[in-house]
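Student: Work out the full structure: start from the sequences and follow the hints.
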Amino acid sequence: MQKLSRKFFDRCAVEVAKDLLGKVLVVGDCSGRINEVEAYKGSEDPASHAYLGITERNKPMFGKSGHFYVYFTYGMYHCLNIVTEIDKSPSAVLIRSIIPLSGIDIMQKRRGKDNNLTNGPGKLCIALDINKKKHNNLDICKNNDCYIYDDGFLPKHIKSSSRIGIKKGLEQKWRFFYDE
DNA sequence: TGAATGATCACG
DNA sequence: GTGATCATTCAT
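Residues 11 to 190 (the working numbering) are what the first sequence spells out, left to right.
These aren't lab readings, by the way, just hints derived from the structure by calculation. A portion of the hints provided could be inaccurate.
Derived pair list, reagent style DSS-like, types lysine-lysine, alpha-carbon separation capped at 25 Å [to be verified]:
(1) K17 x K33
(2) K28 x K152
(3) K143 x K69
(4) K166 x K183
(5) K177 x K69
(6) K74 x K143
(7) K28 x K166
(8) K119 x K69
(9) K177 x K33
(10) K169 x K28
(11) K133 x K143
(12) K152 x K33
(13) K183 x K169
(14) K33 x K74
(15) K133 x K177
(16) K74 x K144
(17) K119 x K133
(18) K133 x K33
(19) K178 x K133
(20) K133 x K144
(21) K28 x K74
(22) K28 x K13
(23) K178 x K33
(24) K13 x K33
(25) K69 x K28
(26) K74 x K169
(27) K33 x K169
(28) K13 x K166
(29) K74 x K142
(30) K152 x K69
(31) K177 x K28
Tutor: Here it is as structure tokens:
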């Protein structure tokens with residue numbers, strides 16, 4: 011079980027995004043394997059929250075890599091990102107979907123009736139009880155409750171497409187996922 | 001296809 | 001302050 015270090019996250023967001031596929035995200039008593047992500051870069055990416063510069067919300071993206079960036083959207087949902095790249099380069103990887111591994115009963119309880127526990131950015135934050143107050147800007151390289159580790163699993167075929175739910179930056183195929 | 005639902009942002 | 005927007009989800 012190799013816990014991912016700062017060095018892993020300190021690279022181009024697109025590379026980190028691809029390499030995060032198959033890794034295991036741990037948040038408290040729950041965990042799941044990452045199977046869908048999106049990369050968001052800073053000044054060169056009009057779809058990124060960081061495109062227009064630093065604000066109160068996107069501040070974590072301008073900080074050190076290996077931190078959570080959690081934001082609240084559509085008045086109802088949280089989304090989870092991992093900050094990447096060196097120092098002040100404001101990039102991040104959005105975790106869009108995970109496959110539940112442990113703490114499934116807890117996640118079931120939090121999500122209610124729906125069988126699809128964690129197959130969407132808003133859903134997985136509900137299942138893992140991720141919110142801005144507790145998790146935003148958390149250093150996942152130095153935390154014992156929240157971190158990502160490599161258990162040796164390698165996705166067979168990684169696919170890519172345009173990112174979901176955005177109007178700008180559709181030409182970049184920075185959504186990455188795998189089926190098996 | 002559209003309603004839910006409120007933080008966030010740019011503007012002034 | 002104000003109005004538009006929004007890296008979503010769920011029920012029609």
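Student: A separate judgement is required for each hint: does it hold in the structure or not?
Tutor: Going through the hints against the structure:
1. Annotation: proposed proximity of K17 to K33 holds, straight-line Cα distance about 15 Å (limit 25 Å).
2. For the suggested pair K28 and K152, the alpha carbons sit about 23 Å apart, so the restraint of at most 25 Å is met.
3. As the CA atoms of K143 and K69 are separated by approximately 14 Å, the hinted pair is consistent with the 25 Å bound.
4. Between the alpha carbons of K166 and K183 the distance comes to roughly 19 Å, so the proposed pair stays at or under 25 Å and holds.
5. Only pairs whose Cα atoms come within 25 Å are accepted, and K177 paired with K69 is accepted, the gap being roughly 23 Å.
6. For the proposed pair K74 and K143, the alpha carbon gap of about 19 Å is at most 25 Å, so the pair holds.
7. Pair hint K28 plus K166 holds up; C-alpha atoms about 12 Å apart against a cutoff of 25 Å.
8. For the proposed pair K119 and K69, the alpha carbon gap of about 32 Å is over 25 Å, so the pair is violated.
9. With a C-alpha separation of about 29 Å, the suggested pairing of K177 with K33 is violated against the 25 Å cut-off.
10. For the suggested pair K169 and K28, the alpha carbons sit about 9 Å apart, so the restraint of at most 25 Å is met.
11. Under the criterion of a C-alpha separation no larger than 25 Å, the hint pairing K133 with K143 is consistent with the structure, at around 18 Å.
12. Restraint check for K152 and K33: satisfied, since their Cα atoms lie roughly 17 Å apart, inside the 25 Å limit.
13. Proposed proximity of K183 and K169 is supported: the alpha carbons are some 10 Å apart, at most 25 Å.
14. For a cut-off of 25 Å, the pair hint linking K33 to K74 stands: about 21 Å separates their Cα positions.
15. Of the supplied pair hints, the one linking K133 and K177 holds, its CA atoms being roughly 22 Å apart against a limit of 25 Å.
16. Proximity of K74 to K144 is assessed by CA-CA distance (about 18 Å); at most 25 Å being required, the pair is judged to hold.
17. Our distance criterion of 25 Å between C-alpha atoms is met by K119 and K133, whose separation comes to about 13 Å.
18. Note on K133 and K33: the hinted pairing holds, with a Cα-Cα distance of about 19 Å set against a maximum of 25 Å.
19. Taken as a hint, the K178 and K133 pair is honoured in the structure, with Cα atoms around 24 Å apart against an allowance of 25 Å.
20. With a CA separation close to 17 Å, the supplied pair K133 and K144 stays within the 25 Å bound.
21. Distance restraint check for K28 and K74: the Cα-Cα separation of roughly 20 Å lies within the 25 Å cut-off, and the hinted pair is therefore satisfied.
22. Annotation: proposed proximity of K28 to K13 holds, straight-line Cα distance about 17 Å (limit 25 Å).
23. This hinted pair does not check out: K178 and K33 have alpha carbons roughly 29 Å apart, beyond 25 Å.
24. The suggested pairing of K13 with K33 holds, with an alpha-carbon distance near 10 Å, which does not exceed 25 Å.
25. For the given pair, K69 sits about 24 Å from K28 by alpha-carbon distance, which is consistent with the 25 Å threshold.
26. Between K74 and K169 the CA atoms are separated by roughly 28 Å; this puts the pair beyond 25 Å, and the hint is violated.
27. With a C-alpha separation of about 16 Å, the suggested pair K33 and K169 falls inside the 25 Å cut-off, and the hint holds.
28. For the proposed pair K13 and K166, the alpha carbon gap of about 22 Å is at most 25 Å, so the pair holds.
29. With a CA separation close to 17 Å, the supplied pair K74 and K142 stays within the 25 Å bound.
30. Of the pairs offered as hints, the one joining K152 and K69 holds, with about 19 Å between alpha carbons and a cut-off of 25 Å not exceeded.
31. Among the hinted pairs, K177 with K28 is consistent with the structure: their alpha-carbon atoms are about 22 Å apart, no more than 25 Å.
Hint violations for this structure: numbers 8, 9, 23 and 26, all remaining hints satisfied.
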